[in-house]
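Asker: Residues per chain, in single letters:
There are 2 protein chains.
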Amino acid sequence: MRKPQPFPHAVAIVGVGMSKFGAFPDKSSRDLFVEAFRELRATVDKGFDPAVIESLYLGNFSSDLFEGQGHMAPIMADAVGLCPVPAMRLEDACASGGVALRQGVLAVASGMQDVVLVGGAERMTKLPTAQVTDTLGAAADTLFEIPAGFTFPGFYAAIATAYMHRYGMTPEHLMNVAIKNHENGALNPKAQFGVTIPDWMQGRIAAAVKKGKPAPTWRDQWDFLHDNAANPMVAWPLRLFDCSPVTDGAACVLLVSGERAREFTDNPVYIIGAGQASDAALHDRADLTTLSAARGAAAQAYEQAGVRASDIRIAEVHDCFTIAEIIASEDLGFFAPGTGYRAAEDGMTARDGARPINTSGGLKSKGHPVGASGVGQAIEVFKQMRGEAGARQVAGDVPLAVTHNVGATGSTCVVHVYERR
Amino acid sequence: MRKPQPFPHAVAIVGVGMSKFGAFPDKSSRDLFVEAFRELRATVDKGFDPAVIESLYLGNFSSDLFEGQGHMAPIMADAVGLCPVPAMRLEDACASGGVALRQGVLAVASGMQDVVLVGGAERMTKLPTAQVTDTLGAAADTLFEIPAGFTFPGFYAAIATAYMHRYGMTPEHLMNVAIKNHENGALNPKAQFGVTIPDWMQGRIAAAVKKGKPAPTWRDQWDFLHDNAANPMVAWPLRLFDCSPVTDGAACVLLVSGERAREFTDNPVYIIGAGQASDAALHDRADLTTLSAARGAAAQAYEQAGVRASDIRIAEVHDCFTIAEIIASEDLGFFAPGTGYRAAEDGMTARDGARPINTSGGLKSKGHPVGASGVGQAIEVFKQMRGEAGARQVAGDVPLAVTHNVGATGSTCVVHVYERR
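Taken in sequence, the protein lines are chains A and B.
Following the working numbering, the numbering of the first sequence begins with 9 at its first residue and continues without gaps.
Following the working numbering, the numbering of the second sequence begins with 9 at its first residue and continues without gaps.
Relax, there's no trap hidden among the hints.
Copies of the same chain are indistinguishable here, so a pair counts whether it falls within one copy or spans any two.
No farther apart than 20 Å at their CA atoms in a straight line, the calculated lysine to any residue pairs in the SDA-like style are these:
hint	residue 1	residue 2
1	Lys134	Gly76
2	Lys134	Phe152
3	Lys11	Ser265
4	Lys134	Thr150
5	Lys11	Asp122
6	Lys54	Gly395
FYI, nobody ran anything at the bench for these hints, they're computed from the structure.
Please build the complete structure, drawing on both the sequences and the hints.
Answerer: See below:
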């Protein structure tokens, strides 16, 4: 394979739009996508005419199974008035959004196109939970893995167990990730759990207020997080609060060639690296404690961008389960293998830490509408780099950032590197 | 939108592979894809090492609904030993294969990649027919069209009715397409109906032989084709033999940059134009007798290639129903609007006609494993242009050819132009 090269043409994100992430079973994914696109249209700094868009790359995992609707790309294109431009759906399970983003990036980076819309959408909550679990299971290997009794919490539980066995992590360490991401998500108006505090926690807050005590925060909930009723075991060692939720949502970003970016905004964010790799399904891997596709995608993206992991200021990573964020923080080269859980414990990945991760709340708290998640990550990076992340804005400049989007247990991984010039 | 430009880098097809198309309910689509890839590996003229492949672009409509398996791209990549290269699924209903081909073409044409595998696969026949009909229905607009009672034969029946009303075509004219394509398919060893002669026709042949008469051919079957038992009405005016079958199959082509093509073969076929367009679903169109996405995609592809419709020697078009081939032959500019049915009647689209269409047998006789069909079209063109189409080879050189792949009723259309230098 060719060595990754810098892009021949600069690729800028000049606008973003996102629906609220949450449970909207009465909306279709096209409703959610229209909501996202309307926000994009309304917020591009200098305005723009959608007629300049040359293609739609849409990330979606399985509108087929979730909504009984395939061929979503032209439907979305029509819903936002883009026909007759080419519209195509990219699917790589929960990495669909990131894969769509990468195809859009390559279209612009190559000089083939100047203005591309990348979208992602998934409407998941209308189905009964068991059917959602089965549908997500279709992202695994249904010949070899699902018949063995696995579902996704089980896969990641196996990963967590292997990691604990090798590195001495305990289940309690995982809660640092959940707490941090819920703290961040509570500051994100678009997050699924941004304002939704679980009933058991609301009860605790009310009780404290009644007694004239300060209202407890997420960080005070350790005892509750060990409570089998409030935080039941899903697949040992993973409890409910180790798992990202089922979510409806859509997101889109407008990619423009560097030469034309200033027509849209004086404040573009550039994508300077886009790596993607594939791997065998989990049952056929030598090591469960790292995702080789993530390491491969990161190596490509860093080399293309001409940066090192240590240069990166913030990252949005694929925390579908708490263990996934810990492994991601190692696979991206931020922390040595086996030390990511200590970094989380030490607050290094918190908003005020040395390497903030998932300032948006991550999939864990912002929500995980699977085909939209990879695009949503780019939106958080765009906002943080432009200083527009509101209450969750990190301090200081963000010159370089990374997004990391995983399909299934790492059969696909996509990593993008972003630069603010 | 930018005016289509010639590709900055030449794109060559240097090898192809295809499973048998037919009913193989005991095979998974990965089995079929492995079969196709093995043929490709074994038949590239100068051989090649699969390690040179940089990406897999996979066309697949809905392995989700047909097989309960999503995330097919890395599964296919793993099955043929391609991991860790980026592997992604493209979906635009029955145009998925053509859309995957176009993304592969753009990756090479832009200079971003040198060697790309494009595949397509679908395993359809294991489901009960009613479920296949529902699954295919997911390619239409399930909010506005399916609740109105439509299925795909109904959509194309509406199209045929509108065309008959405007241009005076009769249902009998459609049979010229079916007969021609079955004649061609009978010469294609990979075709679903290549050797399978329907029972009713076998009975007729046996009876003739018994009486010492010459065995009747497809062209002698006019009376049978009007027989409500042998050829029942599906959706007026479309009968069974107006409809393409339900098929299992896979196909793949190896795309290489022009500079490197001679490493693989001295006999490459170049892709010099790739157009794609989207359109509203059928319920929201002003004219049912033409597909504007097909006209748009063809205009792009011709302009990019610097050719005119009259330059094209052969075409593989999307004959999911007989009426679709007639309209395709007009949308591609071969015949004026309203005259395609007469051209078919006059034999102009036969193998020995002025403009042979669907020498492979088309979707009608070769079969229509939806995600593979667009890639299968490229394979027929490759074989015809290299003079390797055996008994169905057209006479003389084939310097220019076209493929035309449609999603649903034309919400997506992809057109490629091929050149033999």
